[in-house]
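Chemist: Okay, here's what each chain looks like letter by letter:
Number of protein chains: 2
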Amino acid sequence: MKISLAFDVHGTLVDASSVLEPLASYVGGEAASFFETWKYKQREYAFRRRMMEDDVDFSLCTRQALDYACLRHKVEIPEEGKLALFDFSKRLPAYPEAKVALERLKEMGFKLFAFTNGPLDEVKELLRHAELEDCFMSIYSVEGSRTFKPDPAVYESFLRSNHTGHRFTWFISGNSFDVIGAKNIGLKVVWVQRTLDSIMDPWGVSLDQIVKNLDELVAFFRDK
Amino acid sequence: MKISLAFDVHGTLVDASSVLEPLASYVGGEAASFFETWKYKQREYAFRRRMMEDDVDFSLCTRQALDYACLRHKVEIPEEGKLALFDFSKRLPAYPEAKVALERLKEMGFKLFAFTNGPLDEVKELLRHAELEDCFMSIYSVEGSRTFKPDPAVYESFLRSNHTGHRFTWFISGNSFDVIGAKNIGLKVVWVQRTLDSIMDPWGVSLDQIVKNLDELVAFFRDK
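Taken in sequence, the protein lines are chains E and V.
Residue numbers for the first sequence follow my numbering, so the first one is 1 and each next one is one higher.
Residue numbers for the second sequence follow my numbering, so the first one is 1 and each next one is one higher.
Source of the hints: derived by calculation from the structure; they are not laboratory data.
Virtual Cβ for every residue (Gly too), placed ideally from N, Cα, C.
Just so you know, not all the hints are guaranteed correct.
Claimed, not checked - One side of the interface only, derived from the structure: several residues of chain E facing chain V at Cβ under 10 Å: (1) Thr-37; (2) Tyr-40; (3) Lys-41; (4) Tyr-45; (5) Phe-47; (6) Met-51; (7) Glu-53; (8) Tyr-68; (9) Pro-150; (10) Asp-151; (11) Phe-177; (12) Asn-184; (13) Asp-197.
Full structure from sequences and hints, please.
Modeler: This is the structure:
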């Protein structure tokens with residue numbers, strides 16, 4: 001059986017932190033800390049909504065987390081500024097090495113998938129804009145499942161939908177919660193730690209591989 | 001039927017932020033921001049563990065969130081320092097007005113309960129040390145339920161265990177996630193907003209009452 005590689009999208013294939021540039025025009029020097037609050041709350045809101053059995057899509061969590069960050073950092077961003085930030089987030093650039101690395105992996109015979117917490121149409125558009133769409137056999141979103149990664153049900157449902165077994169699937173993500181979630185159901189995982197400031201949650205989980213970028217991922221699978 | 005008042009504990013009756021003082025000896029001027037990271041992650045970890053169907057108690061989330069905060073803020077706290085912080089957290093002081101306010105509410109005929117995400121023995125000891133224990137008919141912990149507030153099942157289970165109905169129960173908390181969780185199952189809620197820096201998640205939830213402290217809570221129930 002061919003090996004499948006399932007890629008998370010934001011922070012793995014496309015650079016979510018590039019929103020710092022337009023953000024700085026509203027938030028100034030505090031942009032990095034504002035962005036951190038926004039991302040923390042976005043995830044917390046997604047996890048809490050799930051826990052409350054309150055069925056919302058990830059975009060609402062993103063919007064309300066931005067509102068929280070404004071309150072927390074005592075910054076006002078006008079409504080058109082918020083819309084501009086969301087629009088920008090739909091056209092995030094690919095990491096510079098992503099396209100060539102994915103093409104290499106495809107040539108090497110791996111089946112590639114994108115697997116995201118974001119809404120399907122948005123993520124398709126994002127990958128199209130980043131010129132990565134054609135690398136994937138399919139793009140899989142949790143949308144409609146009423147839950148999010150790292151719920152084990154979501155990873156299982158990804159495997160079933162794409163006819164790929166546990167033993168033949170590697171999961172690749174730059175996000176700690178997502179790597180731990182995939183490992184939790186027994187997948188092999190690679191963590192893409194792009195900077196030394198990127199932190200793995202200290203839960204004592206042993207990862208199968210850590211790489212700095214997708215070029216290192218290609219090298220890792222070439223040597224296997 | 002008598003009205004029941006169910007109180008969250010940390011940040012509602014006892015002052016969790018008093019840990020800032022011992023924390024400053026390890027972390028220095030960054031203590032407030034370190035503490036914020038610690039609290040953010042403590043909750044995120046609890047919500048994520050639940051989402052991953054990974055049954056751990058809240059204390060593990062607290063410990064691993066402290067480890068995360070050390071990594072994030074590039075601070076080393078020796079093992080005995082961490083133990084000292086956990087010990088300190090088991091003997092947090094009551095807010096100055098808490099004891100008298102709870103006694104007034106009891107005299108006014110309300111049935112008082114403590115209702116916490118923390119382990120039962122720890123919270124009992126905490127309330128004993130804070131000299132609040134005798135104010136309550138019972139102290140209820142989620143321990144053993146394999147989940148945490150704001151899971152609706154937890155609030156329902158509290159109501160069942162204490163033979164108190166939705167219509168006759170008010171829930172009082174200083175924590176936004178908890179107030180929203182209680183409102184989500186139809187309880188009347190009071191948010192204790194002790195400082196203007198305390199933020200209600202901007203989810204558009206309408207609260208029944210906001211007070212600055214428990215003296216104002218007494219006044220609110222006296223006027224009802």
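Chemist: For every hint, state whether the structure bears it out.
Modeler: Comparing the hints with the structure gives:
1. Thr-37: Holds, because the Cβ-Cβ distance from Thr-37 of chain E to chain V comes to roughly 9 Å (cut-off 10 Å).
2. Tyr-40: With Cβ-Cβ at 5 Å, under 10 Å, it holds.
3. Lys-41: holds, 8 Å
4. Tyr-45: Check passed: Cβ of Tyr-45 of chain E comes within 7 Å of chain V, closer than 10 Å.
5. Phe-47: With a closest approach of 4 Å, the Phe-47 of chain E hint holds.
6. Met-51: holds, 5 Å
7. Glu-53: Nearest chain V Cβ about 6 Å off; hint holds.
8. Tyr-68: Holds. Min distance 6 Å.
9. Pro-150: With Cβ-Cβ at 5 Å, under 10 Å, it holds.
10. Asp-151: holds, 5 Å
11. Phe-177: holds, 6 Å
12. Asn-184: holds, 5 Å
13. Asp-197: holds, 9 Å
Against the hints set out earlier in the document, no violation occurs for any number.
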